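J.: Residue numbers (the UniProt record's numbering), protein chains in the order written: chain Z, 1 to 461; chain P, 1 to 461.
Don't read these hints as lab results, they were simulated from the structure.
Everything numeric in this text was worked out from a predicted model, so none of it was measured.
Note that beta-carbon positions come from the ideal geometry of N, C-alpha and C, so glycine has one too.
It is possible that some hints are incorrect.
Unchecked claim - In the EDC-like style, the derived pairs of lysine to aspartate or glutamate whose C-alpha atoms are separated by at most 16 Å in a straight line are:
hint: 1; chain 1: P; residue 1: Lys253; chain 2: P; residue 2: Asp216
hint: 2; chain 1: P; residue 1: Lys199; chain 2: Z; residue 2: Glu179
hint: 3; chain 1: Z; residue 1: Lys204; chain 2: Z; residue 2: Asp182
hint: 4; chain 1: Z; residue 1: Lys350; chain 2: P; residue 2: Glu38
hint: 5; chain 1: P; residue 1: Lys393; chain 2: P; residue 2: Glu452
hint: 6; chain 1: P; residue 1: Lys199; chain 2: Z; residue 2: Asp322
hint: 7; chain 1: Z; residue 1: Lys199; chain 2: P; residue 2: Glu179
hint: 8; chain 1: Z; residue 1: Lys52; chain 2: P; residue 2: Glu90
hint: 9; chain 1: P; residue 1: Lys52; chain 2: Z; residue 2: Glu353
hint: 10; chain 1: P; residue 1: Lys52; chain 2: Z; residue 2: Asp277
hint: 11; chain 1: Z; residue 1: Lys367; chain 2: Z; residue 2: Glu380
hint: 12; chain 1: Z; residue 1: Lys199; chain 2: P; residue 2: Glu38
To be verified - Only some residues are given here: those of chain Z computed to face chain P with a beta carbon under 8 Å:
hint: 13; residue: Glu90
hint: 14; residue: Arg114
hint: 15; residue: Arg175
hint: 16; residue: Glu221
hint: 17; residue: Leu323
hint: 18; residue: Phe329
hint: 19; residue: Gly331
hint: 20; residue: Leu334
2 protein chains.
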Amino acid sequence: MQAVQSKITARHYLPGARLPSVRAQAKAMQVSVSTVVEAYERLVAEGCIQSKPGAGFYACGHVAPLNLTQIGPKVEREIDPLWVSRQSLEADDTMLKPGCGWLPPEWLYQTGIRRALRTVAREDSLDLTDYATPLGHPAFRQYLQRRLASNDIDVNAEQIMLTESGTQAIDLIGRLFLEPGDTVLVDDPCYFNFHALLKAHRAKVIGIPYTPNGPDVVAFEAALAEHTPRLYITNSGIHNPTGASLSPMVAHKVLMLAEAADLVIVEDDIFADLEMDTTPRLAAFDGLNRVLEIGSFSKTVSASVRCGYIAGRADWIEKLVDLKIATSFGGSRLGAEIVLQTLTNSGYRKHMERLRLWLAKQRQTTKEKLAKLGITPWLEPKAGMFLWCQLPKGVEATKLAQICVKQGLILAPGNAFSLSQSAHDFLRFNVAQCTDDKVFTILASALNQCLEATPDSHLTK
Amino acid sequence: MQAVQSKITARHYLPGARLPSVRAQAKAMQVSVSTVVEAYERLVAEGCIQSKPGAGFYACGHVAPLNLTQIGPKVEREIDPLWVSRQSLEADDTMLKPGCGWLPPEWLYQTGIRRALRTVAREDSLDLTDYATPLGHPAFRQYLQRRLASNDIDVNAEQIMLTESGTQAIDLIGRLFLEPGDTVLVDDPCYFNFHALLKAHRAKVIGIPYTPNGPDVVAFEAALAEHTPRLYITNSGIHNPTGASLSPMVAHKVLMLAEAADLVIVEDDIFADLEMDTTPRLAAFDGLNRVLEIGSFSKTVSASVRCGYIAGRADWIEKLVDLKIATSFGGSRLGAEIVLQTLTNSGYRKHMERLRLWLAKQRQTTKEKLAKLGITPWLEPKAGMFLWCQLPKGVEATKLAQICVKQGLILAPGNAFSLSQSAHDFLRFNVAQCTDDKVFTILASALNQCLEATPDSHLTK
Chain Z
1 MQAVQSKITA RHYLPGARLP SVRAQAKAMQ VSVSTVVEAY ERLVAEGCIQ SKPGAGFYAC
61 GHVAPLNLTQ IGPKVEREID PLWVSRQSLE ADDTMLKPGC GWLPPEWLYQ TGIRRALRTV
121 AREDSLDLTD YATPLGHPAF RQYLQRRLAS NDIDVNAEQI MLTESGTQAI DLIGRLFLEP
181 GDTVLVDDPC YFNFHALLKA HRAKVIGIPY TPNGPDVVAF EAALAEHTPR LYITNSGIHN
241 PTGASLSPMV AHKVLMLAEA ADLVIVEDDI FADLEMDTTP RLAAFDGLNR VLEIGSFSKT
301 VSASVRCGYI AGRADWIEKL VDLKIATSFG GSRLGAEIVL QTLTNSGYRK HMERLRLWLA
361 KQRQTTKEKL AKLGITPWLE PKAGMFLWCQ LPKGVEATKL AQICVKQGLI LAPGNAFSLS
421 QSAHDFLRFN VAQCTDDKVF TILASALNQC LEATPDSHLT K
Chain P
1 MQAVQSKITA RHYLPGARLP SVRAQAKAMQ VSVSTVVEAY ERLVAEGCIQ SKPGAGFYAC
61 GHVAPLNLTQ IGPKVEREID PLWVSRQSLE ADDTMLKPGC GWLPPEWLYQ TGIRRALRTV
121 AREDSLDLTD YATPLGHPAF RQYLQRRLAS NDIDVNAEQI MLTESGTQAI DLIGRLFLEP
181 GDTVLVDDPC YFNFHALLKA HRAKVIGIPY TPNGPDVVAF EAALAEHTPR LYITNSGIHN
241 PTGASLSPMV AHKVLMLAEA ADLVIVEDDI FADLEMDTTP RLAAFDGLNR VLEIGSFSKT
301 VSASVRCGYI AGRADWIEKL VDLKIATSFG GSRLGAEIVL QTLTNSGYRK HMERLRLWLA
361 KQRQTTKEKL AKLGITPWLE PKAGMFLWCQ LPKGVEATKL AQICVKQGLI LAPGNAFSLS
421 QSAHDFLRFN VAQCTDDKVF TILASALNQC LEATPDSHLT K
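So here's chain Z without its partners, still in its complex pose (with noise of 0.2 Å):
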């Protein structure tokens, strides 16, 4: 296959030229006849070469060349929430991601994806061709029933849909409670991508102080009062960026808040296998009654899988799946195949347990090591992979990532999750990206040439 792609792309066989018979390429290649029909045909399938039937194949006009290497980070654009996003999406293997949402390969279950990825080329037709069901996969949905029972949210099969993603779960619970122009409550700090996604639905964002509690309650209150929001969209578990809990407390106020407000509250619960213990979720207080819960295994299974849930009453689930199969037409049945294969396997609760502990010890290092840099989390979180981190006082984090990324480093700066800009001198480290020393000596590298600038800024002002 090589050999004849390479003589296409130098043009030594011409696009629409016929190739060497296959008999006499194989004895100029000394191979077997057989190998040469196989390449041939694979050659095909790729849509190098032609076959005409009795006419032997030909060479096609158009060639792509043959490594295109993968785009890079787009260094210059302007520091937005989609920047980190596509900083980390965009980065190749020889970057390294601190400022990344996800797992490292090697942290997550991959024995258990194989396994499963095995299992499913074994399993019944349906399952490898057919289009998913409405809801979604019903023994992945009879699962996540048990799950979420087990955090003391009471819930029937038939009130949970199947999404892409956790993403995709809040976007289809904004198509449908959104108009353009009604406003939003989100956390200040929150997740980047409600900004992004807020965005394209045209809403009106408020941003609320997020406490080492959970949201802000006298903020909260304030903003119900004035702007009516529709939605409230936060993380219960471990909060992400700042890696908080809510207390019983604050829930219980922040429902009562919403039940005056008639305000619906999405639970974002992407985070609930790294946990140690579990912590309150709305959820579970509200019965599903205002809540929506919604999850995904991004961070726990794969992020190459797409596959996420909303639980929730039953009427509105019946009009979000109105709301998917128009606009995506369901969701992909051999995912969410691959992704229950993977849970329900029996080592999957033993590499969560390693995983937890592997984490907890990530985070200690990792904040000993910030700490020589003079870098401070904002608390010590209970879990997760986050550690939401304060600059040394003079450091602007978005100069610091321009600065990294331009060393193959890359920082997720606060102000791309504060919705109020008040979190410029804060990163997002994820743990389990700061494993080699590098990220440090960066860091610091990185740092001091920030320092020297300041004290320049300073006069200026």
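With the hints as your guide, set chain P onto chain Z.
T.: For chain P alone, kept in the frame of chain Z given last:
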């Protein structure tokens, strides 16, 4: 596992009760200790029982019924565009589905998909666990570049963005170009889900009568003048539901009119691989200037793995990538790899050659069987799985569909495809879903019921 589950369901083991120790259970059931360990671990993984380290295993409080049957089709629901989707998607294996829009598993290249899954199970860990790049799988986009080139559509791989489906592709384009209240042109009849999708965008939709050569050019011109639409969505290759093909003359006129009116065209090329000979593409004539070409592999590889694409102008693709990340955080890397592996397997092309012949034969057979019932195709499609057929005089398609669904036969009534509701006596038949003679027996008896009712309905008018 089953023995324990049954005892929990039968409340023999009450919620919270300690299960027999591994040794005791092994002895009682006369199996090895390791068998019980594995069964208990799997039950823990599935959330049926809990493990308390050092204290044994305990039955969980909440256990779903073991064999939750899938929800059946909601037969009483109003027949609207979503009715057809949900009927087909919710149908179980015992239903006959001539109204559905996809191929049965045995018509698809299952060997290839199974082989692809086994190959992927051995692949690089990043493919298994990491997010896709923003544009999506680089090798897949290079493959699409070559494939589009064979249809005379010249495009760089950087101008191709992968999506989760053809539907998501159109949805993202709608989000880029449409404000609520904007006008969109569709063919009348067209794929019914376009109606549902555009409703989600709050667009005003105008139908253009479809002729055997493409949209009615006079009506198209008049609609441009009257409604100043933003988008036109169409299929060119094998039109859904009619099976018609665009003629070069109509293509040229439509593009000239679009140019003058600054109209953006979405060309849905989902049936490309089913064509016997390549027919004109608007995207090829236009050079992807104002046409966005979209496609997917749900009809030819698998609907269970979701994968589609958009090819278009670089500046539009850049914005579409941002929208995709914001609303779904990207697609399935693993799904794209599975589809690519299947498409580039040397057996795929041969399978497709056979499939096209099967479809041609089955179109002929189905046409003959329908003719005996007085049901006649509007035209004879050159390729594809659909026959768009007129019913005998006096028979209403929705009435017929309602009778048939109670007999386990799902039909696609014409008005689900028609914005003007002028296809009340049409049905779309999927010939690949018409191999069972029961389809025609049930149809015949339902037709008789309708025809017997007809004189009365005339009297009441």
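J.: Indicate, hint by hint, whether the structure satisfies it.
T.: Verification of the supplied hints:
no., hint, in the structure
1, Lys253/P / Asp216/P, "holds, 10 Å"
2, Lys199/P / Glu179/Z, "holds, 13 Å"
3, Lys204/Z / Asp182/Z, "holds, 6 Å"
4, Lys350/Z / Glu38/P, "holds, 13 Å"
5, Lys393/P / Glu452/P, "holds, 12 Å"
6, Lys199/P / Asp322/Z, "holds, 11 Å"
7, Lys199/Z / Glu179/P, "holds, 13 Å"
8, Lys52/Z / Glu90/P, "violated, 43 Å"
9, Lys52/P / Glu353/Z, "holds, 13 Å"
10, Lys52/P / Asp277/Z, "holds, 14 Å"
11, Lys367/Z / Glu380/Z, "holds, 9 Å"
12, Lys199/Z / Glu38/P, "violated, 48 Å"
13, Glu90, "holds, 6 Å"
14, Arg114, "holds, 5 Å"
15, Arg175, "holds, 6 Å"
16, Glu221, "violated, 30 Å"
17, Leu323, "holds, 6 Å"
18, Phe329, "holds, 4 Å"
19, Gly331, "holds, 7 Å"
20, Leu334, "holds, 4 Å"
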